[in-house]
Structures are given as C-alpha cells and as structure tokens.
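Colleague: Sequence:
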Amino acid sequence: MVNNTELDLYFAVPLSDLMGDPLNVWQSSEESTPKLTELTLQHLSVMATSTPSERLFSKARNTARKHETVF
Numbered sequence: 001m002v003n004n005t006e007l008d009l010y011f012a013v014p015l016s017d018l019m020g021d022p023l024n025v026w027q028s029s030e031e032s033t034p035k036l037t038e039l040t041l042q043h044l045s046v047m048a049t050s051t052p053s054e055r056l057f058s059k060a061r062n063t064a065r066k067h068e069t070v071f
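First residue of the sequence shown? That's 1 in UniProt numbering, and the numbers climb one at a time after it.
No wet-lab data here; the hints were simulated from the structure.
It is possible that part of the hints are untrue.
Estimated spans, in silico, between C-beta atoms of each pair [unchecked claim]:
{"id": "1", "residue 1": "N4", "residue 2": "H43", "range": "20 to 26 Å"}
{"id": "2", "residue 1": "K59", "residue 2": "E38", "range": "30 to 36 Å"}
{"id": "3", "residue 1": "Y10", "residue 2": "S45", "range": "43 to 49 Å"}
{"id": "4", "residue 1": "V25", "residue 2": "N62", "range": "37 to 43 Å"}
{"id": "5", "residue 1": "K35", "residue 2": "S58", "range": "36 to 42 Å"}
{"id": "6", "residue 1": "P22", "residue 2": "R61", "range": "30 to 36 Å"}
{"id": "7", "residue 1": "F57", "residue 2": "E30", "range": "34 to 40 Å"}
{"id": "8", "residue 1": "L9", "residue 2": "S45", "range": "20 to 26 Å"}
{"id": "9", "residue 1": "L15", "residue 2": "L39", "range": "18 to 24 Å"}
{"id": "10", "residue 1": "F57", "residue 2": "D8", "range": "40 to 46 Å"}
Ideal placement from N, C-alpha and C gives every residue a C-beta, glycine not left out.
All chains, full assembly: derive it from the sequences and hints.
Modeller: Structure (structure tokens):
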C-alpha cells in the first residue's frame, strides 16, 4: 500500500470549479486531508480589510488613550 501525504492527495485531485465557494471545497475534502484543510480554512477565514493599516493602528491608539483617561 502506498503511503500518500495529504499534499500528494491534494495534487492528485482535479481542479475544482473556479466559480465555486472555496470554503465549501475545502470543507468537503476535510476527511481526506484534515491537516491541510484546517490550515487552509484558517487562512481563508481571515477577514480582509480595505482600511490602510496605518490608519487602523492610529484609531486603535486613540481608542486606547481614551480608555486610559477614563480609568
């Protein structure tokens, strides 16, 4: 019996429909590639933002300062 790694199994599967939901594709392959699926879902689940990071951190700093003055 051949011992395939999850990555070997992933590369052996035909490409999925590009119009489909990638989260559903990975959830359906969870049984055959559990570790790869877990890793991928962590990265696909990261929320994207259009807010530039500098402005975001500036707002967070201002919010923290407001909380410091309250206490």
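Colleague: Does each hint hold? Answer for all of them.
Modeller: Hints and how they fare:
At roughly 23 Å, the beta-carbon separation of N4 and H43 lies within the given 20 to 26 Å, and the hint holds. Between K59 and E38 the beta carbons are some 32 Å apart, a value that agrees with the proposed interval 30 to 36 Å. Range check, Y10 to S45: Cβ separation about 19 Å, and the 43 to 49 Å hint is violated. Taking the beta carbon of each, V25 and N62 are about 41 Å apart, inside 37 to 43 Å as hinted.
The beta-carbon spacing between K35 and S58, approximately 38 Å, falls within the hinted interval of 36 to 42 Å. Judged by the Cβ atoms, the range 30 to 36 Å given for P22 and R61 holds: they are separated by roughly 35 Å. The beta-carbon spacing between F57 and E30, approximately 35 Å, falls within the hinted interval of 34 to 40 Å. Between L9 and S45, the C-beta spacing of about 22 Å keeps the proposed range 20 to 26 Å intact.
The given range of 18 to 24 Å is respected by L15 and L39, whose C-beta atoms sit roughly 19 Å from each other. The hinted window of 40 to 46 Å between F57 and D8 holds, with their beta carbons roughly 42 Å apart.
The structure does not agree with numbered hint 3 stated previously, though it agrees with all others.
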